[in-house]
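Use the sequences and the hints to build the structure in full.
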Amino acid sequence: MATTVGREEVERLEETWHEAPGLKTFLTTVDHKKIGTRYLVTSFAFFLAAGVEALAMRTQLARPEAGAIGPDLYNKLFSMHGITMIFLFVTPMLNGFGNYLVPLQIGSRDMAFPRLNAFSYWVFLGSGLFLYSSLLVGYAPNDGWFNYTPLSEKAYTEGLNIDYYNLGLLFLTISSTAGAINFIVTIFKLRAPGMSLNRIPLFCWGILAQSFSLVLALPALSAANIFLELERRFGFHFFDRPRGGDPLLWQHLFWIFGHPDVYIIFLPAVGIVSAIVPVFSRRPIVGYPWMALATMTTAFIGFGVWVHHMFATGLPQITMTFYAAASLIIVIPSGVQIFGWLATMLTGRPVIRSPFLYVLGFIVVFVVGGVTGVMFAAIPFDQQVTDTFFVVAHFHYVLFGGAVFPIFAAIHFWFPKVTGRMLDERLAQVSFWFFFVGFNLTFFPMHVLGLYGMPRRVYTYQPGLGWDFYNLLATIGAFTLALGILGTIVNVVRSRTRGEIAGDDPWGANTLEWSTSSPPPDFNFASIPVVRSADPNWDFEDRVEDGLRLERRELTLSEGHETIGSSWLDGDIEEVHESPSESPWPLVLAACLAVLFALLLTGHWVMAAIACGVCLLAWAGWHLKEPGE
Amino acid sequence: MGLLAGAVVLAGCGEEQSTLLPESDATHSIDAMWWVLLIGSTIVVAVVTLLVLATLLRRRGSLDEVERGGGGTTFALVSGAAIPAVVLVALFAYVLSSLDATAQPKGRRDLNIEVIGKQWWWEVRYLDHDIVTANEIHIPVGVPVRVVAGTADVIHSFWVPRLNRKIDMIPGRRNAILLQADRKGAYRGQCAEFCGLQHANMAFYVIAEPAQRWQRWAARERRPAAAGGRGERVFASAGCSGCHTIQGTAADGRVGPDLTHVASRRTLAAATIANDRRRLAEFIRDPQHVKPGNKMPALGLQGRRLDALVDYLESLR
Numbered sequence: 000m001a002t003t004v005g006r007e008e009v010e011r012l013e014e015t016w017h018e019a020p021g022l023k024t025f026l027t028t029v030d031h032k033k034i035g036t037r038y039l040v041t042s043f044a045f046f047l048a049a050g051v052e053a054l055a056m057r058t059q060l061a062r063p064e065a066g067a068i069g070p071d072l073y074n075k076l077f078s079m080h081g082i083t084m085i086f087l088f089v090t091p092m093l094n095g096f097g098n099y100l101v102p103l104q105i106g107s108r109d110m111a112f113p114r115l116n117a118f119s120y121w122v123f124l125g126s127g128l129f130l131y132s133s134l135l136v137g138y139a140p141n142d143g144w145f146n147y148t149p150l151s152e153k154a155y156t157e158g159l160n161i162d163y164y165n166l167g168l169l170f171l172t173i174s175s176t177a178g179a180i181n182f183i184v185t186i187f188k189l190r191a192p193g194m195s196l197n198r199i200p201l202f203c204w205g206i207l208a209q210s211f212s213l214v215l216a217l218p219a220l221s222a223a224n225i226f227l228e229l230e231r232r233f234g235f236h237f238f239d240r241p242r243g244g245d246p247l248l249w250q251h252l253f254w255i256f257g258h259p260d261v262y263i264i265f266l267p268a269v270g271i272v273s274a275i276v277p278v279f280s281r282r283p284i285v286g287y288p289w290m291a292l293a294t295m296t297t298a299f300i301g302f303g304v305w306v307h308h309m310f311a312t313g314l315p316q317i318t319m320t321f322y323a324a325a326s327l328i329i330v331i332p333s334g335v336q337i338f339g340w341l342a343t344m345l346t347g348r349p350v351i352r353s354p355f356l357y358v359l360g361f362i363v364v365f366v367v368g369g370v371t372g373v374m375f376a377a378i379p380f381d382q383q384v385t386d387t388f389f390v391v392a393h394f395h396y397v398l399f400g401g402a403v404f405p406i407f408a409a410i411h412f413w414f415p416k417v418t419g420r421m422l423d424e425r426l427a428q429v430s431f432w433f434f435f436v437g438f439n440l441t442f443f444p445m446h447v448l449g450l451y452g453m454p455r456r457v458y459t460y461q462p463g464l465g466w467d468f469y470n471l472l473a474t475i476g477a478f479t480l481a482l483g484i485l486g487t488i489v490n491v492v493r494s495r496t497r498g499e500i501a502g503d504d505p506w507g508a509n510t511l512e513w514s515t516s517s518p519p520p521d522f523n524f525a526s527i528p529v530v531r532s533a534d535p536n537w538d539f540e541d542r543v544e545d546g547l548r549l550e551r552r553e554l555t556l557s558e559g560h561e562t563i564g565s566s567w568l569d570g571d572i573e574e575v576h577e578s579p580s581e582s583p584w585p586l587v588l589a590a591c592l593a594v595l596f597a598l599l600l601t602g603h604w605v606m607a608a609i610a611c612g613v614c615l616l617a618w619a620g621w622h623l624k625e626p627g628e
Numbered sequence: 000m001g002l003l004a005g006a007v008v009l010a011g012c013g014e015e016q017s018t019l020l021p022e023s024d025a026t027h028s029i030d031a032m033w034w035v036l037l038i039g040s041t042i043v044v045a046v047v048t049l050l051v052l053a054t055l056l057r058r059r060g061s062l063d064e065v066e067r068g069g070g071g072t073t074f075a076l077v078s079g080a081a082i083p084a085v086v087l088v089a090l091f092a093y094v095l096s097s098l099d100a101t102a103q104p105k106g107r108r109d110l111n112i113e114v115i116g117k118q119w120w121w122e123v124r125y126l127d128h129d130i131v132t133a134n135e136i137h138i139p140v141g142v143p144v145r146v147v148a149g150t151a152d153v154i155h156s157f158w159v160p161r162l163n164r165k166i167d168m169i170p171g172r173r174n175a176i177l178l179q180a181d182r183k184g185a186y187r188g189q190c191a192e193f194c195g196l197q198h199a200n201m202a203f204y205v206i207a208e209p210a211q212r213w214q215r216w217a218a219r220e221r222r223p224a225a226a227g228g229r230g231e232r233v234f235a236s237a238g239c240s241g242c243h244t245i246q247g248t249a250a251d252g253r254v255g256p257d258l259t260h261v262a263s264r265r266t267l268a269a270a271t272i273a274n275d276r277r278r279l280a281e282f283i284r285d286p287q288h289v290k291p292g293n294k295m296p297a298l299g300l301q302g303r304r305l306d307a308l309v310d311y312l313e314s315l316r
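Residue numbers (numbering that gives the first Met the number 0), protein chains in the order written: chain A, 0 to 628; chain B, 0 to 316.
In short, the hints are calculated from the structure, not lab data. Predicted, not measured: the structure shown is a model, and the values here were computed from it. Any given hint could turn out to be false.
Claimed, not checked - Going by beta-carbon spacing under 8 Å, a handful of chain B positions derived as facing chain A:
no.: 1; residue: GLU14
no.: 2; residue: ILE29
no.: 3; residue: VAL44
no.: 4; residue: LEU90
Quick reminder that beta carbons are idealized off the backbone N, C-alpha and C, glycines included.
Below you can see the structure in the form of structure tokens.
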């Protein structure tokens with residue numbers, strides 16, 4: 000079909016955007032698809048680590064007074080499990096999908112700041128390895144992911160455990176903040192012509208809401224980390240009571256970050272669900288503007304509910320009622336979304352495939368987590384079951400149900416786009432049922448355990464309290480769930496090379512990533528697509544028009560590393576945006592930062608100051624040479 | 000959810016720490032709230048699950064076709080926003096009306112106790128009587144007792160699920176809670192805020208007994224320990240007295256529990272083990288094996304010295 004003109008144009012783009020394979024490219028690439036894939040693979044590896052930690056804990060808790068794991072190791076395991084799942088798996092995994100998909104979904108050729116993007120990944124990898132190195136030297140964080148003071152102060156946790164925690168999270172925050180800013184600018188400024196604010200794919204809305212929340216919530220966590228580190232290293236008094244500090248300050252700072260973080264995890268996952276539901280319901284999503292609005296509203300209200308984590312600390316009633324009210328209000332945007340999906344499915348013509356199965360499973364388990372979430376706004380009930388296994392059950396329904404189910408849906412949905420091949424559908428469906436049954440078998444009995452009075456974060460328990468049976472069930476469930484995950488891994492590894500060829504658009508989907516080849520070319524789109532609706536890949540004439548435009552050399556931007564810069568509201572073309580190409584500086588700067596944090600950890604202050612200087616030099620080097628020079 | 004309801008109904012009598020076996024005004028109120036929440040939740044989950052099942056059964060589309068347009072927005076907004084809004088407002092009103100049931104008591108009551116959380120045991124001080132004990136709180140049946148909850152080190156949380164909600168013990172704060180038992184019995188409590196290595200083995204018992212029996216108990220507790228001969232000397236010479244108090248002797252350590260009437264307690268090491276001769280000897284010989292990480296060192300006591308010490312401690316009723 001393509002004529003000579005079109006083919007020449009494509010060849011020129013290939014030449015401009017091609018990165019020679021090899022070690023050099025591996026270390027210097029700024030291609031959002033390669034970086035996205037790296038995020039996905041790296042964070043999945045951390046997921047497996049957290050999974051092994053969970054299985055170890057479940058083995059210890061399978062029966063009362065078991066001796067498989069002692070208290071010291073158990074405390075490290077549950078701390079690292081939480082830190083890993085929250086910081087090193089779910090958030091970066093969703094960022095991986097964001098990295099890969101956002102530019103494709105908005106019709107761009109890369110992120111707004113490709114080198115910053117590469118930098119974000121290297122820092123994420125560095126901070127993840129930094130945190131995990133603590134296990135090797137025997138000083139893994141051991142006071143939980145919530146790390147309450149004064150237990151985490153030097154007087155009670157003497158070793159480097161908590162220094163690893165503080166510095167590791169500060170290190171990681173650099174990556175998360177840079178990534179979030181990158182997403183915000185990309186989504187606002189690099190959209191295809193015609194993609195006005197009310198036509199942005201809902202997955203991108205999820206990423207946008209997540210990014211704003213990250214930028215606003217992370218400073219509270221960083222402040223807490225810095226305060227505690229100053230207290231531990233230099234005797235400051237932010238949290239220690241006898242000297243005028245207050246341990247509740249830590250709790251406030253931590254949860255001002257911590258509760259929005261639930262939505263930081265959940266909102267992009269909701270975006271994944273909103274991307275998949277219309278495709279397998281064979282109709283556009285119901286109430287698109289309401290869905291987008293609900294996403295942003297949730298992120299906003301999410302900043303006003305943190306105190307419901309502290310209802311047992313003895314705060315005044317009037318304070319608690321305010322936060323209880325906010326915790327109830329936040330149900331409404333989630334309700335709109337759930338019934339938006341249900342309405343879409345019920346008025347559409349559903350087709351059941353593995354990604355959709357994970358989404359259906361998500362809806363059921365998320366609603367269970369949602370209703371138990373409402374219970375925590377009922378102050379006396381919260382005060383009764385908080386810090387018990389009821390909470391563990393609740394937040395696994397919300398976070399594993401609300402984020403990991405969608406992540407698995409996303410793996411099945413976008414695998415063909417990323418690899419060009421289909422997953423084995425039968426194995427996928429069998430794995431799903433292990434996953435779904437295993438999940439419920441693991442976490443549902445924990446509701447009962449909590450009601451029976453079993454506290455969280457215990458490495459052992461006594462027989463005769465009615466807890467034995469439900470603990471054993473949960474352990475059996477955990478291994479069943481692990482089988483489901485194993486099945487998915489086998490499927491991915493096998494199908495990557497042996498799966499059926501997928502073609503550009505195996506699902507007949509509605510967003511722009513499906514309008515280009517699978518896997519997409521280095522430049523994503525030969526001619527930047529022009530958009531007229533929120534379901535652009537279902538505007539078949541428009542997509543034909545993209546091909547014709549290529550023949551006319553319109554919007555091909557083949558002069559250099561170029562993409563479209565557009566107006567943030569209407570998506571009108573404003574400029575041709577020059578995109579930087581590969582560079583070693585992001586890696587160099589990230590490596591310098593890793594050295595800096597290692598020196599801070601070991602208390603080499605002079606060396607650390609020098610490393611700071613080296614970081615500045617690396618940063619200057621980054622800006623010395625601009626693209627094309 | 001149905002499963003949960005089933006499991007909850009099955010709650011037997013062995014669960015001395017279950018929130019579902021309330022024995023006070025406060026926990027009856029929480030328990031009633033739980034059933035309201037459970038019924039409401041079950042309805043929501045059932046409706047959504049049925050709609051999802053309806054989708055599963057309606058599989059009749061094809062990936063080659065797509066239908067643009069189509070309504071559904073009103074349904075989504077009514078079911079997802081309007082109905083929940085009404086329900087949530089009602090729930091909020093209910094929550095506000097029940098706050099007093101678990102509120103912190105203001106001012107003194109007839110009986111006032113201070114409980115101090117320590118890594119990893121509970122010091123119990125009767126503020127109106129000259130009684131100091133550990134890991135076991137005796138209260139008269141039916142009397143609302145005010146418990147002031149404090150800490151000597153990190154944050155702990157005082158929780159007796161059958162008698163009241165939990166209250167955190169935070170450095171620099173004096174939180175309080177009412178403890179009241181409708182019937183006599185032993186109610187197990189446990190620390191509910193992660194507090195380090197032995198958080199799992201930081202439990203205690205509340206013993207609710209008829210007023211007269213409680214009076215007898217209190218009178219006995221106020222008495223100093225009887226003289227103990229050789230065992231008492233071992234206690235002083237082996238180093239025990241550096242950490243433990245036995246009233247009526249020179250032992251006045253404050254690191255570990257007051258042992259003046261240790262033999263009258265049901266458990267040892269914060270309800271980690273039963274209080275009998277064999278386990279007591281085992282604990283003294285190798286405390287780190289019984290409760291790894293706790294602050295009690297092995298003092299190398301063996302043979303006759305250990306026997307004498309155990310004899311002495313067993314006599315402290």
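Give me the numbers of the hints this structure contradicts, sorted from smallest to largest. none
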